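K.L.:
Top to bottom, those sequences are chains A and B. Basically the working numbering = 1-based index in the first sequence + 24. Basically the working numbering = 1-based index in the second sequence + 776.
One or more hints might be untrue.
[To be verified] DEER-style ranges, computed between Cβ atoms:
| id | chain 1 | residue 1 | chain 2 | residue 2 | range |
| --- | --- | --- | --- | --- | --- |
| 1 | A | Glu456 | B | Arg993 | 27 to 35 Å |
| 2 | B | Glu784 | A | Tyr467 | 45 to 53 Å |
| 3 | B | Arg995 | A | Pro350 | 53 to 61 Å |
| 4 | B | Arg993 | A | Leu288 | 57 to 65 Å |
| 5 | B | Ala923 | A | Gly429 | 34 to 42 Å |
| 6 | A | Arg462 | B | Arg995 | 50 to 58 Å |
| 7 | B | Gly896 | A | Arg233 | 50 to 58 Å |
| 8 | A | Pro118 | B | Thr936 | 52 to 60 Å |
| 9 | B | Arg943 | A | Arg81 | 46 to 54 Å |
| 10 | B | Ala928 | A | Arg320 | 56 to 64 Å |
| 11 | A | Glu456 | B | Glu944 | 48 to 56 Å |
| 12 | A | Glu319 | B | Gly978 | 48 to 56 Å |
[What the hints assert, rightly or not] Example chain B residues on the side facing chain A (calculated, C-beta under 7 Å, incomplete):
| id | residue |
| --- | --- |
| 13 | Ala843 |
| 14 | Tyr852 |
| 15 | Arg853 |
| 16 | Ala860 |
| 17 | Ala863 |
| 18 | Ala973 |
| 19 | Ala977 |
For the record, the hints were derived by calculation from the structure and aren't laboratory data. In this text the structure is predicted, and so the values were computed from the model without any measurement. Just so you know, even glycine gets a beta-carbon here, dropped at the ideal spot from N, CA and C.
This is what each chain is made of:
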Amino acid sequence: MLRAEPELRGRPLAIVSAHTEARSVILAGYLRGHALSEAQALCPDLRVRRLSLEAVRSAQEALFDVAQSVTPRVEHATPNSVQLDLEGTEATFPTTGGLLLALETRLCSVGLELARSGIGPSRTIAWLAARHGNGGHVVPTRRVRHFLDPLPIALLDPPLEILERLTRWGVGTLGELRRLSGAALGTRLGTAAVELARRAEGRDLIPFRPAPPAVRFEESVDSEHAIDNLETLGFVLRTALDRLTSRLRLRGLAVRELWLELTLENGEPSARSIGLGGATVETTSLLALIRLSLERDPPAAAVERIRVVAVPGTPEVAQLDFFLPPLPAPAELTTTIARLEALCGPGHVGALACSDGYRLEATSLERFSARSPRAAHAKPELPRLTLALRALRPPRGVRVSSQNGVPVRIELERGSVHVVVRRAGPWRLCGEWWERTRFARDYFDVELASGGLYRLYQDLESHTWFLDGIYD
Amino acid sequence: MSDDRREELRRILQQSGLSGRVLVGSAAPAPEVLPRSSSRLVPTLDERLGIGRIPSRGQLIELVGDASSGRTALAYRMAAGTVAGGALAAWVDLPNALDPRFLRRTGIDLRSLLWVHPPGLQAALKAADLLARTGFATVVLDLDGAAPGALAKLGATPWTRLLRSARENRASVVLLASERCVGSAAGLALYTERRQARFEAGLFEGFDACASVLRDRARAGTADRHALHVLHRRE
């Protein structure tokens, strides 16, 4: 909850299942377990927030991301804790102090706090090191017994009846439990006691099972009130995107694909894909693209829940060339393209290409590539001065007077008739005759007496004339 | 180093594609290396436009003229020259008039030219500014489709801002329009006009045009004319 609203940090806060009911019990935070009405009477300044399972899940994922930024071998231990296999991380973090500092810093960057930590030769010892006292203990292998022996058995969360029996026997610490015979314990208290004794020695009962890396990253926000304007929605989205990009940065990743999933006030879901020019972690650009999409197609009702989903991609890297001019960094270029898409709209930025088709006007948009492979050869070939065509999209319908199918006069605008002084053509172009979109055209290049060189065609099915482009 | 040896070295560098990056000269201030001999008093059009691996100078270039006068062909050549030199080029296409089939005939790799189609004039200016600041060496800003009078209403502010971005990043912003609108912010202004169309053997083969230098801040007092032969190169 504090991740979404960091301004609540340090203030009395109560998390309830439904804050509209005065009888709701406080689930977490200030005066936990009390009725909400009672807590509000005791603390008039109490801030109340509804429990958001989405926010909890996002926080868990963020915690996992931070752990994975240290080592790829991470296991979910409990909903609010993770276990890390630090084997092989000595080169990156030579000291435990440095490791803990890095963890604290990274947790802070995603809006979390390091509550407790512990380091030990096994997961059980590390877990106990985190739980004992204020946590933060580092237990080297040679001092395991010294650390474990004085710890109370209750720290292992044993079954209540076993704990009571052991207490009656005068066994209160892990050291005392370890000194008991395992077979005798099993005979009297069952297998649970044997397992407890093994854990008291610092052994792990189940093997380490590292979780696979995330294939997508999510951040969710449950709004207290339905959001009915884009300005507020943008504000909420920015915090969610900030958290999302912080998590991706920790892992050295960028947003390759982005989805926005909204739950509306009327309960209906609304999902949309946000087109990106390339992988980026720039919150400003991502927010601009989302804003553009929302402005173009606003939600049908006020928004109650927001979920931002990102498919990660590797940020582009480039090797500078000794013989070629330096280019902007790939991340900078990607951000620029994303900003341009936000400014101009999706489908308006890229590398224009000729479509694989029969129509002369057909074009397609491909991904822009910063450096041509040909440029690497660095052959100084001066480009040619070639004829250019300024295309008219869509082709402009014109009235043409023709003799024997050849244009002689063109009415470019109403009342503005131009005489054709020279012409070339026709050349016929037809295609897609196997489809309903079939076409057949006679193309001409014409020079008008008033100036101007045009390409025009006659559609042979409708016998109408179109101006296709201006030579320049 | 004698003049002959220097010329020989320049020729070798030009053949090996290094003429834009290696300066030939003494420890004195390095002369600008041009693809052709710069001994003539009147520079060629390529020298003026910076075509042929000359580092960008950070300026606004205006290419103005009527339809079918060759200004777009010149812009094609500038963009293609930039990409061939390994730098970045972009085309801000307000009228959505860029034809990739014709552009490809300059020899350019289309994947290396960033095409941007802005929704309006202000967005076009913003896009050009952003591209210049990012590090694009040549940004062609085609404003031929702007509403009549819209360019005149802009005033000097957007052009000054664009010039500053171009100067700071050594980019060339090439403005394509039917009439001059940049004013004193333009480092180079060319006016193109068509002379004669070439129709040969029933085919349209291109046209001859003329580019007049209206303003050249770097070479003041060298207003001159250059002949253009814009030819239709079929694939």
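K.L.:
Run every hint past the structure and note whether it holds.
P.N.:
A quick look at each hint next to the structure:
no.: 1; hint: A:Glu456 - B:Arg993: 27 to 35 Å; verdict: violated, 52 Å
no.: 2; hint: B:Glu784 - A:Tyr467: 45 to 53 Å; verdict: holds, 50 Å
no.: 3; hint: B:Arg995 - A:Pro350: 53 to 61 Å; verdict: violated, 28 Å
no.: 4; hint: B:Arg993 - A:Leu288: 57 to 65 Å; verdict: holds, 58 Å
no.: 5; hint: B:Ala923 - A:Gly429: 34 to 42 Å; verdict: holds, 37 Å
no.: 6; hint: A:Arg462 - B:Arg995: 50 to 58 Å; verdict: holds, 56 Å
no.: 7; hint: B:Gly896 - A:Arg233: 50 to 58 Å; verdict: holds, 56 Å
no.: 8; hint: A:Pro118 - B:Thr936: 52 to 60 Å; verdict: holds, 54 Å
no.: 9; hint: B:Arg943 - A:Arg81: 46 to 54 Å; verdict: holds, 51 Å
no.: 10; hint: B:Ala928 - A:Arg320: 56 to 64 Å; verdict: violated, 31 Å
no.: 11; hint: A:Glu456 - B:Glu944: 48 to 56 Å; verdict: holds, 50 Å
no.: 12; hint: A:Glu319 - B:Gly978: 48 to 56 Å; verdict: holds, 52 Å
no.: 13; hint: Ala843; verdict: holds, 5 Å
no.: 14; hint: Tyr852; verdict: holds, 5 Å
no.: 15; hint: Arg853; verdict: holds, 5 Å
no.: 16; hint: Ala860; verdict: holds, 6 Å
no.: 17; hint: Ala863; verdict: holds, 5 Å
no.: 18; hint: Ala973; verdict: holds, 5 Å
no.: 19; hint: Ala977; verdict: violated, 9 Å
In this structure, the hints that do not hold are numbers 1, 3, 10 and 19, in rising order.
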